[in-house]
Amino acid sequence: MADKKKKNLPPEAQQYQAFQQKRETKRPLFKNCLKAFFVGGFICFIGQLITTFYIYFFNFTEQTAGNPTTATLIFLTMLATGFGIYDRIGQFAGAGTTVPVTGFGNAVIASAIEHRTEGFIMGVGSSMLKLAGPVIVYGVFSAFIVALIKTFLTKWSGF
Amino acid sequence: MIFFWAFVVGGLFCVIGQIMFDVFKLSPAHTLTILVVSGAVLNGLGLYEPLIDFAGAGATVPITSFGNSLVHGAMAEAEAHGLIGVITGMFEVTSSGISAAIIFGVIGALIFKAKG
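The listed protein sequences correspond, in order, to chains A and B. Just add 5 to wherever you are in the first sequence, counting from 1, and you've got our numbering. Just add 15 to wherever you are in the second sequence, counting from 1, and you've got our numbering.
So here's chain A without its partners, still in its complex pose (with noise of 0.2 Å):
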């Protein structure tokens, strides 16, 4: 918590709190980088696979192949999501579930599934994006922010 929080707080309040801190869990950082490391890079490796398969078999370029990828690696975790097996991997895993794009289409399709029962505009269609919402919004702001910078150097400083 900010230090300009703890300060409004009674004296028993400030006391719990360094007592808890003191007490908390220490996380097992190394074990948990090992797991999300072999876990993400097992998602990568397939990820991998499916880019090579559309490369020999459907024409695309090492670039361009990443969007088939995406959107198969999305499907395969809307399968692992709907039998809750996504979930009890996320557990395990950590970071390793979350950061690869399979993490964004589970906080998608999770959240659809959940809202299902208030109804599918209220809920399916407005819920759905409450998770990956800010990412989008931060990506498309700072993209543009990027793209603006670099259209400028390119342009009128022949960069």
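Some hints here could point you the wrong way.
DMTMM-like mimics (lysine to aspartate or glutamate), calculated; alpha carbons at most 20 Å apart, straight line [said to hold, decoys possible]: (1) A:Lys160 x B:Glu94; (2) A:Lys36 x B:Asp37; (3) A:Lys27 x A:Glu17; (4) A:Lys155 x B:Glu94; (5) A:Lys155 x B:Glu107; (6) A:Lys31 x B:Asp37; (7) A:Lys27 x B:Asp37; (8) A:Lys155 x B:Glu64; (9) A:Lys40 x B:Asp37; (10) A:Lys31 x A:Glu17; (11) A:Lys135 x A:Asp92; (12) A:Lys135 x A:Glu123; (13) A:Lys40 x A:Asp92; (14) B:Lys128 x A:Glu119.
Chain A regions said to be covered by chain B (calculated; three or more residues, Cβ under 8 Å) [what the hints assert, rightly or not]: (15) 14–26; (16) 33–39; (17) 81–87; (18) 103–114; (19) 121–130; (20) 136–149.
Derived from the structure by calculation, the hints contain no laboratory data. The beta-carbon is built from N, C-alpha and C at its ideal position, and this holds for glycine as well.
Here the structure of chain A is known, so what remains is to put chain B in place on it, guided by the hints.
Then chain B, alone, in the frame of chain A:
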């Protein structure tokens, strides 16, 4: 060989994410947002494309490639049509990820029921 590098580079991206989770105690949404923004910046510096050539799916599967391809589409369109292309070309390359997520999300909601 590209399979090996895809595994290693993809794995390293996930380790960076795990460090953000555990050391900086960020939520998954914060982590993904930061990674997407850094993907866009890396493309701006011209570093992401060599990484794709080197690691293949190791660079295209992590969420950083989302930021990369947003900039990529915007730049390609900007070269053809000038400044307005930055806006019109934004989703040119990225569309597959978002449309796949939305389409399969709806299909998933039709087929599956929430558990628990």
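A:Lys27 and B:Asp37: Cα distance at most 20 Å? Answer holds: A:Lys27 to B:Asp37 is near 16 Å, not above 20 Å.
Given the hint that A:Lys36 pairs with B:Asp37, test it: the Cα-Cα distance must not exceed 20 Å. With Cα atoms ~11 Å apart, A:Lys36 and B:Asp37 stay inside 20 Å; holds.
Cβ contact check, 8 Å cutoff: the region 14–26 of chain A against chain B, three residues minimum: violated (count 0)
Quickly compare the C-alpha distance for A:Lys155 and B:Glu107 to 20 Å and report which way the hint goes. Measuring from Cα to Cα gives roughly 18 Å; hence the hint holds.
Below or equal to 20 Å on CA atoms is what counts here, so check A:Lys31 against B:Asp37. holds, 9 Å
Sort out whether A:Glu17 lies within 20 Å of A:Lys31, counting only the CA atoms. violated, 24 Å
Verify the proposed pairing of A:Lys155 with B:Glu94, using a straight-line Cα cut of 20 Å. holds, 11 Å
With the threshold set at 20 Å, check whether the alpha-carbon distance from A:Lys135 to A:Asp92 stays at or below it. Holds. A:Lys135 to A:Asp92 sits at ~18 Å (cutoff 20 Å).
Restraint check for A:Lys40 with A:Asp92, where alpha carbons must lie at most 20 Å apart: Since the Cα atoms of A:Lys40 and A:Asp92 sit roughly 15 Å apart, the hinted pair holds (cutoff 20 Å).
Count residues of the region 81–87 of chain A with a Cβ under 8 Å from any Cβ of chain B, then say if the count reaches three. holds (count 4)
Is the Cα-Cα distance between A:Lys27 and A:Glu17 20 Å or less? holds, 16 Å
Are at least 3 residues of the region 136–149 of chain A within less than 8 Å of chain B when you compare beta carbons? holds (count 11)
In summary, the structure is inconsistent with hints 10, 15 from the numbered list given earlier, while agreeing with the others.
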